[in-house]
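With the hints as extra help, turn the sequences into a complete structure.
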Amino acid sequence: VIRFHMGPSTICLDVAVPRQLQLPLALYLSSSIPAERAAKLRQLAQENPRYAKLSESEDGALYVLPEFQLEEIAALERRKRRVIGLPFAERLLSDPGVLGKVNALPLYDLIYSSPGTICFSALTQDDR
836 VIRFHMGPST
846 ICLDVAVPRQ
856 LQLPLALYLS
866 SSIPAERAAK
876 LRQLAQENPR
886 YAKLSESEDG
896 ALYVLPEFQL
906 EEIAALERRK
916 RRVIGLPFAE
926 RLLSDPGVLG
936 KVNALPLYDL
946 IYSSPGTICF
956 SALTQDDR
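For the sequence shown, this note's numbering assigns the number 836 to the initial residue and increments by one for each residue that follows.
It is worth saying that the hints were derived from the structure and are not from the lab. Some clues are possibly wrong.
EDC-like cross-link-like pairs, simulated, lysine to aspartate or glutamate; straight-line CA separation at most 20 Å [stated by the list, open to error]:
1) K915 / D930
2) K915 / E902
3) K875 / E925
4) K888 / D930
5) K888 / E871
6) K915 / E891
7) K875 / E891
8) K888 / E925
9) K875 / D930
10) K936 / E925
11) K875 / E906
12) K915 / D894
Shown next as structure tokens:
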């Protein structure tokens, strides 16, 4: 799980170890995905059945969201859903090799392979 920690002038992102993902991936498309992009994903999945298949049920599937809203992701995770972003789903179906770079879910489209922490700070170097 990726968690964000916010301080007065710092935001930290902790990267956790991922669960194992197996091919073909079952993808459940959120109803909020624009029709044109959903059609593109359906086409890519049909062209690459070894890598992914679309699921009519969200049970056991990766839930594909067009945007990450913290409340929506939290609600899905409470229901034990694994979440990926639409850009990552499109990237995955175009290049399944990116799956080897996945560290944790939920994943929108960030690929970062390190067990460490990323900190973004508004403080100057001298103030840190």
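Verification of the supplied hints:
1. K915 / D930: With a Cα-Cα distance of about 27 Å, the restraint between K915 and D930 is violated, given a limit of 20 Å.
2. K915 / E902: Roughly 19 Å between the alpha carbons, so the hint for K915 and E902 holds.
3. K875 / E925: Holds - the C-alpha atoms of E925 and K875 are around 8 Å apart, at most 20 Å.
4. K888 / D930: 15 Å, holds
5. K888 / E871: 18 Å, holds
6. K915 / E891: 17 Å, holds
7. K875 / E891: It holds: about 17 Å lies between the C-alpha atoms, which stays within 20 Å.
8. K888 / E925: Holds, at roughly 13 Å.
9. K875 / D930: With Cα atoms ~14 Å apart, K875 and D930 stay inside 20 Å; holds.
10. K936 / E925: 15 Å, holds
11. K875 / E906: Since the Cα atoms of K875 and E906 sit roughly 27 Å apart, the hinted pair is violated (cutoff 20 Å).
12. K915 / D894: The hint holds at about 9 Å.
The structure is inconsistent with the numbered hints 1, 11, although it conforms to all the rest.
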